[in-house]
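For the sequence shown, UniProt numbering puts the final residue at 620, and the numbers step up evenly by one.
Possibly wrong hints are sitting among the right ones.
[Said to hold, decoys possible] Here are the computed lysine-lysine pairs in the DSSO-like style, where the Cα-Cα straight-line distance is at most 27 Å:
no., residue 1, residue 2
1, K284, K252
2, K344, K420
3, K497, K519
4, K401, K284
5, K223, K339
6, K175, K161
7, K420, K252
8, K284, K557
9, K519, K111
10, K161, K176
11, K367, K223
12, K404, K176
13, K367, K344
14, K173, K111
15, K175, K496
16, K223, K263
[To be verified] Computed spacing ranges between beta-carbons, pair by pair:
no., residue 1, residue 2, range
17, N312, G51, 53 to 59 Å
18, T113, P146, 23 to 29 Å
19, P210, D402, 52 to 58 Å
20, D110, K223, 47 to 53 Å
21, R327, E500, 22 to 28 Å
22, A278, P146, 44 to 50 Å
23, K196, T482, 47 to 53 Å
24, P370, Q129, 57 to 63 Å
Honestly, the hints are just simulated from the structure, not real lab data. Virtual Cβ for every residue (Gly too), placed ideally from N, Cα, C.
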Amino acid sequence: MDTNDQYGGHHRTPGRVRLVVAAGAAALTLSAALATPLSPARPQAYAADDGGRVLTVAVAQSVDSLSPFLAVRLLSTSIHRLTYEYLTNYDPEDNHVVPGLATRWESSPDKLTWTYTIRSDSRWSDGRQATAEDAAWTFQTMMTDPGAATANGSFVSNFEKVTAPNPTTLVIKLKKPQATMTALDVPIVPKHVWEKVDDFSKFNNDKDFPVVGNGPFVLTDHKPDSYVRLKANRDFWRGAPKFDELVFRYYKDQDAAVSALRKGEVSFVAGSPSLTPAQASSLKGEKNIHVNDAPGRRFYALAVNPGARAKNGETLGDGHPSLLDQRVRNALFKAVDRKAVIDKVFQGHAVEGAGYIPPRFTQYFWKPSPGQELTYDPVEAGRMLDRAGLRKNADGRRVGKDGKPLTYRVLCHATDPNDKAIGRYLQEWWGELGIGVTLTCLDNVTDPWLAGEYDLAFDGWSVNPDPDFVLSIHTCAALPATPEDTGATDNFICDKKYDELYARQLAEYDPDKRAALVKQMESRLYDLGYMNVMAYPNAVEAYRTDQIASITTMPAKAGNIYGQDGYWSWWSAVPADSGDSSGSSSSTGVVIGIVTGVVVLAGVGAFFARRRRATADERE
């Protein structure tokens with residue numbers, strides 16, 4: 001599915017730039033990849049008409065919506081990270097929670113009331129101050145309007161009441177404890193602008209530019225399936241970006257995007273979501289180009305139509321009925337050679353998949369036990385299909401219970417070469433089982449996906465430091481209310497046992513106990529066979545060092561640039577001809593300390609202690 005969490009990834013350059021704000025014995029460090037700046041004539045992508053510096057990013061995904069209430073694709077949610085503040089953010093060094101719009105937060109002893117102090121130095125781009133009332137209105141609207149809850153409704157489903165007693169105080173009362181209260185990955189929007197919207201389910205926020213926001217960039221223009229243009233917010237509380245403009249330019253053909261990078265027409269190529277091994281190899285060693293290759297934050301999977309239905313019990317779509325049998329789903333996955341996927345398709349730029357959460361997130365990473373693992377064994381897969389009643393006819397074709405030969409339709413993204421390559425392998429592997437495969441590669445798979453008109457589909461989500469969101473999209477609560485509605489579900493999965501585990505992990509504050517519950521959820525997903533993870537792809541991307549002198553990767557030691565859990569990369573990027581190769585910023589930096597359980601924003605000289613964090617998911 002085209003999702004915000006479908007694509008992202010990276011690695012860092014040979015040298016590093018560090019932005020350090022001292023705080024007694026400790027400090028927050030922003031690490032950035034450093035390439036030696038050169039001084040050629042400015043390429044086309046680098047200079048605006050007014051002489052300002054432009055950072056142009058080539059992307060292989062178009063915007064689904066510019067409304068924070070509707071957007072789910074990675075590009076769209078990345079733009080919202082840049083244009084709106086969230087209550088909290090994640091440190092680019094190691095992902096721990098740091099202040100965003102909120103400078104501090106504390107909970108009541110029973111964990112049912114959370115109080116956030118909202119900063120007084122954040123202003124909307126139209127000059128008005130951002131206040132707690134904006135945050136309260138954002139959450140209240142999501143709680144009461146189904147349209148506004150489309151993208152991020154899972155975060156507020158447990159909220160009982162949200163109030164703003166004064167401009168700098170936000171109070172959230174819960175129905176039961178919720179472990180994600182420092183990880184509410186929801187863009188806070190300006191009440192005075194958004195309260196005029198009549199129908200949140202249809203409003204895409206794409207008519208009036210510039211769009212009012214309070215992030216490091218201001219959205220100034222958008223042409224569907226072409227580009228998104230943003231300008232630096234000179235009044236951003238953390239400090240203005242060094243590039244004057246940021247442009248995301250859509251390329252349907254990824255080879256064309258790579259060619260544009262070589263010509264200097266773009267500054268950075270994100271891929272779809274990553275560069276292919278051939279593209280990365282061709283760029284390595286080229287003058288003025290750096291390839292970033294690092295463990296990614298996403299998984300790459302085969303999703304099986306589980307019999308799509310809505311909350312009201314009505315079915316939708318036309319998924320093949322044979323796939324309702326768990327034995328059939330597991331047999332198909334046993335006939336997928338994941339090692340071949342890694343070696344031949346990703347050519348080593350990925351790790352073999354198993355659990356739902358990538359190994360980058362060590363706390364939640366899970367592997368099946370030896371007896372549980374669906375290892376590659378096509379002979380046993382054939383036996384499993386026989387036992388499920390799907391036997392071969394005289395022509396060697398598997399037939400369904402209706403007597404008709406089996407052919408599965410597989411949705412794939414036309415812009416992702418990995419989908420097409422693996423699709424051809426599926427045709428070979430499943431063909432040996434006597435099953436036909438029809439690849440349906442589309443520019444936009446969203447419509448047939450939401451309609452349930454598929455048998456299987458290539459799927460993937462970027463996972464954030466806290467996995468709650470990507471876990472929530474497989475709950476019964478995420479299903480659409482009726483077949484005519486759009487839910488938050490990824491793949492129409494609805495399983496009572498999984499839901500029980502989800503509720504338990506959401507209410508568990510002990511990190512180790514919560515991680516154990518999350519792993520049980522991954523185990524359950526694995527056994528059900530509706531979501532078969534094939535790989536954890538590396539983030540492979542490239543940028544021009546004669547346009548970008550330094551940029552922050554996340555995490556610092558080996559992380560991605562595009563699709564981060566925050567705005568650090570584009571906010572920190574230093575133009576090559578700026579004369580500032582240190583990567584330093586006008587930002588005051590962020591340091592978090594703990595005083596009697598209360599998280600505070602500390603200044604220079606303040607005591608710093610690492611907060612034990614309940615991690616937070618973000619799908620971006």
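To see whether the hints hold, each was checked on the structure:
no.	hint	result
1	K284 with K252	holds, 23 Å
2	K344 with K420	holds, 13 Å
3	K497 with K519	holds, 13 Å
4	K401 with K284	violated, 53 Å
5	K223 with K339	violated, 41 Å
6	K175 with K161	holds, 9 Å
7	K420 with K252	holds, 15 Å
8	K284 with K557	holds, 20 Å
9	K519 with K111	holds, 24 Å
10	K161 with K176	holds, 12 Å
11	K367 with K223	violated, 43 Å
12	K404 with K176	violated, 51 Å
13	K367 with K344	holds, 23 Å
14	K173 with K111	holds, 9 Å
15	K175 with K496	holds, 21 Å
16	K223 with K263	holds, 23 Å
17	N312 with G51: 53 to 59 Å	holds, 58 Å
18	T113 with P146: 23 to 29 Å	holds, 26 Å
19	P210 with D402: 52 to 58 Å	holds, 57 Å
20	D110 with K223: 47 to 53 Å	holds, 50 Å
21	R327 with E500: 22 to 28 Å	holds, 24 Å
22	A278 with P146: 44 to 50 Å	holds, 45 Å
23	K196 with T482: 47 to 53 Å	violated, 28 Å
24	P370 with Q129: 57 to 63 Å	holds, 58 Å
When each numbered hint is compared with the structure, violations occur for hints 4, 5, 11, 12 and 23.
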